[in-house]
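Engineer: The residues making up each chain are set out below.
Number of protein chains: 2
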Amino acid sequence: MVPSDGGPFVFVADLAAPVLADEDYHHLAKARRLRSGDPLVLGDGVGRWVAARFANQQPELAGDVVFQPRPTLAIAVGFALVKGSKPELAVQKLTELGVDQIRPFVAARSVVRWDGARSATGQARLERVAREAAMQSRRPWLPEICPVASFGEVSGQPGACRADRCGGPPSLAFPLILTGPEGGWDSDELAADVPVIGLSEGVLRAETAAIAAGVVLAAMRAGLVLPAG
Amino acid sequence: MVPSDGGPFVFVADLAAPVLADEDYHHLAKARRLRSGDPLVLGDGVGRWVAARFANQQPELAGDVVFQPRPTLAIAVGFALVKGSKPELAVQKLTELGVDQIRPFVAARSVVRWDGARSATGQARLERVAREAAMQSRRPWLPEICPVASFGEVSGQPGACRADRCGGPPSLAFPLILTGPEGGWDSDELAADVPVIGLSEGVLRAETAAIAAGVVLAAMRAGLVLPAG
Chain A
0 MVPSDGGPFV FVADLAAPVL ADEDYHHLAK ARRLRSGDPL VLGDGVGRWV AARFANQQPE
60 LAGDVVFQPR PTLAIAVGFA LVKGSKPELA VQKLTELGVD QIRPFVAARS VVRWDGARSA
120 TGQARLERVA REAAMQSRRP WLPEICPVAS FGEVSGQPGA CRADRCGGPP SLAFPLILTG
180 PEGGWDSDEL AADVPVIGLS EGVLRAETAA IAAGVVLAAM RAGLVLPAG
Chain B
0 MVPSDGGPFV FVADLAAPVL ADEDYHHLAK ARRLRSGDPL VLGDGVGRWV AARFANQQPE
60 LAGDVVFQPR PTLAIAVGFA LVKGSKPELA VQKLTELGVD QIRPFVAARS VVRWDGARSA
120 TGQARLERVA REAAMQSRRP WLPEICPVAS FGEVSGQPGA CRADRCGGPP SLAFPLILTG
180 PEGGWDSDEL AADVPVIGLS EGVLRAETAA IAAGVVLAAM RAGLVLPAG
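Protein chains in written order, with numbering that gives the first Met the number 0: chain A, 0 to 228; chain B, 0 to 228.
These aren't lab readings, by the way, just hints derived from the structure by calculation.
Note that beta-carbon positions come from the ideal geometry of N, C-alpha and C, so glycine has one too.
Be a bit skeptical, because a hint or two may be false.
Facing chain A, a subset of chain B residues (Cβ under 8 Å, in silico) [what the hints assert, rightly or not]: (1) Ala148; (2) Gly151; (3) Glu152; (4) Pro168; (5) Ala172; (6) Pro194; (7) Leu198; (8) Glu200; (9) Ile210; (10) Ala211; (11) Val214; (12) Ala217; (13) Val224.
In silico lysine-lysine, BS3-like type, Cα no more than 27 Å apart, as pairs [stated by the list, open to error]: (14) Lys85(A) <-> Lys85(B); (15) Lys85(A) <-> Lys82(B); (16) Lys29(A) <-> Lys29(B); (17) Lys82(A) <-> Lys82(B); (18) Lys29(A) <-> Lys85(B); (19) Lys85(A) <-> Lys29(B); (20) Lys82(B) <-> Lys29(A); (21) Lys82(A) <-> Lys29(B).
The following label-pair restraints were derived from C-beta to C-beta distances [as the list claims (entries may be wrong)]: (22) Gly222(A) <-> Gln156(B): 33 to 43 Å; (23) Asp185(A) <-> Arg112(B): 41 to 51 Å; (24) His25(B) <-> Gly36(A): 33 to 43 Å.
This is chain A alone, in the form it adopts within the complex:
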């Protein structure tokens, strides 16, 4: 975790020769009202960060680069694409929770399809959401946002499990939880040969199920809760 007392946390492409992206520079100068010499922390999104001082668009380095390795056990959530801004909300919350990999997929009952150019712009939008959320929650590692895939592709990944009402305890033995669309899983998805885990009693909205999956995996990885039974 990037320490909270060093000023705003901002990603740059190159820690050795840092240049703030236009939107980050304007945010810091206008909304956050940073002045020359004010502290900030620069990160590269892949585990490294360094203390710096604000100075126009090229901050001055003010310390040594620190590296925080990725957690040994990666946790991941795959969610069925749904309408509107719900995928963004899920990605924002999963990033804050420290989920390492996010795998959007098209379920049989996904109302939304992302194909061709739409898939690329959708993925780029989710990556922007993740970048903002990681800066705000001071996460030195950006989550990996995978390209949109099919249910067959995500359920074929090692460690995948499917979330459903009737499921058993979640476990870090299955650290990729797949959550379904509003309309529920279809018969082929129900028949897929992956473990089924539960997240709560009752039905959750699609984006809530994705967030709940991230919460449960993060709490297990932090050693705060264990699978029941």
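With chain A held as given, fit chain B onto it using these hints.
Structural biologist: Relative to chain A, chain B alone:
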């Protein structure tokens, strides 16, 4: 849980002589396009529901009233008031998760204050959000939205605990989790004589911490996870 195959789930004031609220009637007739005779399920928000058929604003009963008792163990989340629509998002998700009681409070570092008339309208708004979320997630019990209180009042409730980064495992022995504002807890709140529990590694936004508290309590109550250690 209200069965999912009986048509839309709608709350009415009196199950014996049901009258749909204007907004619900218009939603069903216009957005959902229900016609006379289409099935729906009516609930009273305190555990009872009944099958019915759509017919203008006064549905016809089509079955016997079913009662689902409240879960024996109530789970509750208290969150520090924050700006914008974040309290609504927290209430929506906590309702879907089946949290029984929601206690907004003013922390020392809450940027927002709700006092006098603002407190009443704020509470009414959160109640509307809870009602919609309970209908959509087919929950026969509405959560109780408590009036805005002070940290001293909520932390003095039986079973209260405070969520913080350094906290230990959450537990159903402390089924009221209090989550703090963006700026963190102040020294008096840190010194309060309540257990401290953790929800994840790292810092969560205020509304994310509230949702995470609901997820962890709901998963424990469903028997899916246990406190570690």
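Engineer: Compare the structure with each hint and give your call.
Structural biologist: Quick rundown of the hints versus the structure:
Annotation: Ala148(B) was flagged as interfacial toward chain A, and the flag is violated, the nearest CB pair being 25 Å apart, outside 8 Å. With 8 Å as the threshold, the beta carbon of Gly151(B) stays out of range of chain A, its nearest partner Cβ sitting at about 26 Å, so the hint is violated. A cut of 8 Å between beta carbons decides the hint on Glu152(B): the least distance to chain A is about 27 Å, and the hint is violated. Interface hint status for Pro168(B): upheld, as the beta-carbon distance to the closest one in chain A is roughly 5 Å, under 8 Å.
Restraint check, Ala172(B) versus chain A: the minimum CB separation of about 14 Å is more than 8 Å; hint violated. Taking 8 Å as the C-beta contact cut-off toward chain A, the hint placing Pro194(B) at the interface is violated, the least distance being around 13 Å. Checking Leu198(B) against chain A by beta carbon gives a least distance of about 6 Å; that is within 8 Å, so the hint holds. Because the beta carbon of Glu200(B) sits about 5 Å from the nearest beta carbon in chain A, less than 8 Å, this interface hint is met.
For Ile210(B), the interface hint holds, since its Cβ comes within 8 Å of a Cβ in chain A; the closest pair sits about 6 Å apart. The beta carbon of Ala211(B) comes within 5 Å of a beta carbon in chain A, closer than 8 Å, and the hint placing it at the interface holds. The criterion of a C-beta within 8 Å of any C-beta in chain A is met by Val214(B), whose closest approach is roughly 4 Å, and the hint holds. Residue-level restraint check for Ala217(B) holds (minimum Cβ-Cβ distance to chain A is 4 Å; threshold 8 Å).
At a threshold of 8 Å, the smallest CB-CB gap from Val224(B) to chain A is about 4 Å, leaving the interface hint in force. Of the pairs offered as hints, the one joining Lys85(A) and Lys85(B) holds, with about 15 Å between alpha carbons and a cut-off of 27 Å not exceeded. At roughly 20 Å between alpha-carbon atoms, Lys85(A) and Lys82(B) fall within 27 Å of each other, so this suggested pair holds. The hinted pair formed by Lys29(A) and Lys29(B) fails the criterion: a straight-line CA distance of about 45 Å is larger than 27 Å.
For the hint linking Lys82(A) to Lys82(B), the alpha-carbon distance of about 26 Å falls within 27 Å, and the restraint holds. Of the supplied pair hints, the one linking Lys29(A) and Lys85(B) holds, its CA atoms being roughly 24 Å apart against a limit of 27 Å. Of the supplied pair hints, the one linking Lys85(A) and Lys29(B) holds, its CA atoms being roughly 24 Å apart against a limit of 27 Å. This hinted pair checks out: Lys82(B) and Lys29(A) have alpha carbons roughly 20 Å apart, not beyond 27 Å.
Between Lys82(A) and Lys29(B) the alpha-carbon distance is near 20 Å, which keeps this suggested pair within the 27 Å criterion. With their beta carbons about 27 Å apart, Gly222(A) and Gln156(B) fall outside the hinted range of 33 to 43 Å. Range check, Asp185(A) to Arg112(B): about 49 Å between beta-carbon atoms, so the 41 to 51 Å window is met. For the hinted restraint 33 to 43 Å between His25(B) and Gly36(A), the CB-CB distance of approximately 58 Å leaves it violated.
In this structure, the hints that do not hold are numbers 1, 2, 3, 5, 6, 16, 22, 24, in rising order.
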